[in-house]
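2 protein chains.
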Amino acid sequence: MTSDPRELRRVLDGRWADVRAEVRAQLGELRLTPEADLSTEEYRALTTENLRRLAESGRPHQGFDPAYGGGGDVGGVVTAFAALGYGDLSLLVKAGVQWGLFGGAVQVLGTSRHHDKYLRSIMDGDLLGCFAMTETGHGSDVQHLRTTATYDPATQEFEIHTPDVGARKDYIGNAARDGRMAVVFAQLITGGVSHGVHALLVPIRSEDGTALPGVTIGDCGRKAGLNGVDNGRLSFDHVRVPRENLLNHFADVAEDGTYSSPITSASRRFFTMLGTLVRGRISVAGGAGAATQKALALAIRYGATRRQFADPESGEEVVVLDYLVHQRKLLPALATTYALHFAQADLVSEMHDLQSFDAEPGSNVETEAGQRDLETRAAGIKAMATWHATATIQTCREACGGAGYLAENLLPQLKADTDVFTTFEGDNTVLLQLVAKTLLSDYGRRVGKLDVVGKARFAADLMAGSMAERTGLRAVVRRGDLRDRAYQRWLLVEREEHLLAAAARRMRKALAPGADRFAVFNGAQDHLLVAARAHVDRIVLDSFAAAVNRVESPALRGLLEQVRGLYALSVIEGDRAFFVEHGYISRGRAKAVTQAVNTLCGQLRPQARTLVDGFGIPEAWLDCPLLDGERDSHAAPTDPSPSQEEPTDLAAVG
Amino acid sequence: MTSDPRELRRVLDGRWADVRAEVRAQLGELRLTPEADLSTEEYRALTTENLRRLAESGRPHQGFDPAYGGGGDVGGVVTAFAALGYGDLSLLVKAGVQWGLFGGAVQVLGTSRHHDKYLRSIMDGDLLGCFAMTETGHGSDVQHLRTTATYDPATQEFEIHTPDVGARKDYIGNAARDGRMAVVFAQLITGGVSHGVHALLVPIRSEDGTALPGVTIGDCGRKAGLNGVDNGRLSFDHVRVPRENLLNHFADVAEDGTYSSPITSASRRFFTMLGTLVRGRISVAGGAGAATQKALALAIRYGATRRQFADPESGEEVVVLDYLVHQRKLLPALATTYALHFAQADLVSEMHDLQSFDAEPGSNVETEAGQRDLETRAAGIKAMATWHATATIQTCREACGGAGYLAENLLPQLKADTDVFTTFEGDNTVLLQLVAKTLLSDYGRRVGKLDVVGKARFAADLMAGSMAERTGLRAVVRRGDLRDRAYQRWLLVEREEHLLAAAARRMRKALAPGADRFAVFNGAQDHLLVAARAHVDRIVLDSFAAAVNRVESPALRGLLEQVRGLYALSVIEGDRAFFVEHGYISRGRAKAVTQAVNTLCGQLRPQARTLVDGFGIPEAWLDCPLLDGERDSHAAPTDPSPSQEEPTDLAAVG
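As they're listed, the protein sequences go chains F and W.
Residue numbers for the first sequence follow the numbering used here, beginning at 940 and rising by one.
Residue numbers for the second sequence follow the numbering used here, beginning at 940 and rising by one.
Bound conformation, chain F alone (with noise of 0.2 Å):
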């Protein structure tokens, strides 16, 4: 039984399933990016064009405080963001730094004095602007930026200052070509003392476009991918601005030079206000999701009808996408980019909830601890998902052998523009560092509300583990089918749990005293990260889940479930060496799991088309010529081959 991809569409569009609608009807109206051979200067201006389009449909205004006539709707701005990406990663790119970053800054990091002056033009594209955080010497850690902003109370002014070429900002989104204003990051400074890293606004060009005095604009020139994107280089020379500049939502200066803030810890500070800004590395992985998805329909598609090498019994040439390898190739990433698709839309449900327009910053602790929470699961996910791009689209790519090395095809657009999601917006490996860190403290603290015979236990328990760990033998191996949706959680949460186990006996050595801390630290990075991946996999896992309980048709239901046992045991199976190096299953076992993966691709196999079609990309933004074929075989008598006809018990998995 073949499902209905329409009512997929349902189930995946999801909360902000009127905003996608909206989003699908818009990307019409847009110039596409195109295949021609367009110069970096033409492909800027095509995309500052699009992006003026953007701004008339009031899409972006959308995101914005209603006091200011925005929308409110944060997660359907991000929504919209995302699936920007069906279409044209330029543009995605640049809307991101000008609403996400340089809008999102002015919007929480300032307050109604910037709000007032700016926000309105913002919104309307008639203020274009940048976010100029990274520098040349600093882009994973941000806190050690080198830009100053000095305070002189004779004149109520702040001196930005660029002191040398490693703290020039680079890399900066708007600032090549449009820009004229920009939030600049630089560590603020008032009677001689350093407070950390502050925000402030800073025209940069005047209305003709030329750099204003002090401010030298440099051009990163073209790039790898994202070249409607004008990326530029910012160097300021004792640039003066008015006091006011500061965005003081989080901090301020009186007049007098008197520095304040409700936040006293300067670290705590400075990641509170990183924390307001998680928005755009959402958005990074939406975007990053609808790239992928894209790829996916073309290779499938093109899989499920292109024919190479002949049955040697019926002597007809076979659909690549019948042999098992290519099914391997492509039906795991399909589930997985299911999964984060899923695992996506409840981070951006979650952003949505916590970012209302009303709250005040860290007031109360549940806000606080839901803050926490949401960095951490956009941290994962990100990079998980744009990890998951990068592989997925060249996988994509190589399936469709040369067509999906020509241009016309979209893949190698795909490819290049997304390849640099894996390190902006916080480099990939960074980010898990960072969930890796949380993870052990959030751990630290649940040992340390244990009672005393609560603290013995988990003592035992550390040290059984540690014991089965040494020995190889587990107390319960637990049984169950691999097809069981329980069996397989309870595999990647005991995973996890063992890995952050094992993680917090490693770093216990570097409080002993004497201990070479460094050493211990970066000894244990790759266990570390290999935890984090392993938290991630799990709550991935349970967004699937959740989705799947959530559909009423049971066919559809049957689908998904076997979309996400897919899911699940290609993770499995990706880490199987874990899983027997600690005894949570036995080699036999392991074995199966191959097997599973495979008999699952093959049942999905009839419904990959269905499973492509259901991410509702509109069919203009796919039209290439490798899809030429389709159409050529729906006419042949041959297509759809057997295997496509053959009825599915969706129930027989799962």
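Read the hints as simulated data drawn from the structure, not as lab findings.
Everything numeric in this text was worked out from a predicted model, so none of it was measured.
Accuracy of the hints is not assured; some may be wrong.
A pair holds if it fits inside one copy or across any two, identical chains being indistinguishable in the list.
DSS-like mimics (lysine-lysine), calculated; alpha carbons at most 25 Å apart, straight line [said to hold, decoys possible]:
(1) Lys1448 x Lys1056
(2) Lys1448 x Lys1388
(3) Lys1530 x Lys1448
(4) Lys1056 x Lys1376
(5) Lys1056 x Lys1530
(6) Lys1376 x Lys1530
(7) Lys1056 x Lys1388
(8) Lys1388 x Lys1376
(9) Lys1530 x Lys1388
(10) Lys1448 x Lys1376
Using the hints, position chain W against chain F.
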């Protein structure tokens, strides 16, 4: 102790050291590929200009028959070709099309009538040509191409025809802009009988560049990379060429249309013809190697000076290559690059010794067996080397963060240009299936040659293997030091043999009466690919070990032995699930593998710069802003970092 990179370079340069030295000097004479924003047409024109410079250098002549003014140095020319990968990959591919594929086909498939007429002008670059094999509908299964060459005895001509759009020649280098002639692969029909695919010389453009009557030329347009190469499409509408245009080394058609060939089987004849073209595949593997080396040189040199995040003890910022996770990204990849370099060198040597200019085709069994071995090795190494290139260049890009995404820093072009290597000159997945097929039939032959006692013992071994697999118990688990060379090899050999025996057992099912052969083959496809990979890993390790043995300096041998060990252990680590599942190593031992890789990474860290300098990539070809920090940091008192100065005991491992 730090080794001298020049000494290392002599080892890496090997048999064709003089050719490498010459190419290094020659690269400076070419106009480099621009980081600038060239249009497709500008880049094509530049590449053609560089191609002519190459021709003037006389270097391409070295690969051709001395009887026609060539140098007869096949190995040298392939080595030189690959070294172009340090410079511009478009030029490498364009040169490969002109002299390797087009010229090579005329040389090995043609006879004196073609050599006399064309070889000189091909060598000189006066006659630019295409290698027109791939069709839109047939890329991997080239035995079933659909272009026809029908002989007409009345006019003593062949009529070349494209029956439909699927039979159009596609992705053909030199076709869109420069080619004047093409070697066209077509089904040869004479007297109403088809004799399979043969190659014919077909003029496609007049001197002034216009398409000849009946020839339709299309342009593949912009691609993900290699935009200096003019890939295009060729269709033929009953185009007539003289009988003499058949490249008739392996088969001929007499004036009256009588077909003759020393090789009676049409299939064997076709694969013999293809086999002579193995040089292209070997050259791609070499080019991938050069590009990978360049990417690693950039990322490792950057990583050895870039600092990020402070050490909690010293407060000093840490050089990123001192972080374990950064080492794990780059150093095992570097070790694999070394391993593939030596395997490639052996492959080129083998080819050179086999393809002398006086051997007759298929004239003796030894040559035939040698050719077969060469083709299998070439297929396997091409697949592994190009996938390794794609993965490693991606990792290097990410390891350089945002800077790695800028065109000025060279990594984007390396990545985009090499991407298609995994699917051209043979799709990697199809190539590994080819390797597996040969391994299986060799295996069958080994079994077939055994006497009665041998067969019984063999059957018992198989049974025992199967038992061990079911029970997870293995009679002899060899114990050894993970750092021991012999033990590492034992593991790789056992894996290869095990996977092959198991594959043979599965394949036997296809022989059962009534078996669904397609289903059996298809179900075992992933297993076969794993077996092929295991084989290639082992032969690559053997090449590396042999290369280490040839080194005379103890210090250098010690260093290379560490690198070899890192390669071996990272292969074992990557497939440790296999080794544990099948009882080759214990659970505890498997975890020790990861620790051993970490330890080796730390030990090789201080030698990382030396190891990339050993590739001898001309400094001018690495010059980019990414490495500006090197100059700065060399001036700074804090560099070299303490760990770089630390002496390493080269004998500590291995």
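Hint check results:
no. : hint              : verdict
1   : Lys1448 x Lys1056 : neither (53 Å within a copy, 77 Å between copies)
2   : Lys1448 x Lys1388 : within (21 Å within a copy, 60 Å between copies)
3   : Lys1530 x Lys1448 : between (36 Å within a copy, 20 Å between copies)
4   : Lys1056 x Lys1376 : neither (40 Å within a copy, 72 Å between copies)
5   : Lys1056 x Lys1530 : neither (64 Å within a copy, 60 Å between copies)
6   : Lys1376 x Lys1530 : between (34 Å within a copy, 23 Å between copies)
7   : Lys1056 x Lys1388 : neither (48 Å within a copy, 89 Å between copies)
8   : Lys1388 x Lys1376 : within (18 Å within a copy, 61 Å between copies)
9   : Lys1530 x Lys1388 : neither (41 Å within a copy, 32 Å between copies)
10  : Lys1448 x Lys1376 : within (16 Å within a copy, 52 Å between copies)
In terms of the numbered hints stated before, the structure departs from hints 1, 4, 5, 7 and 9, listed from lowest to highest.
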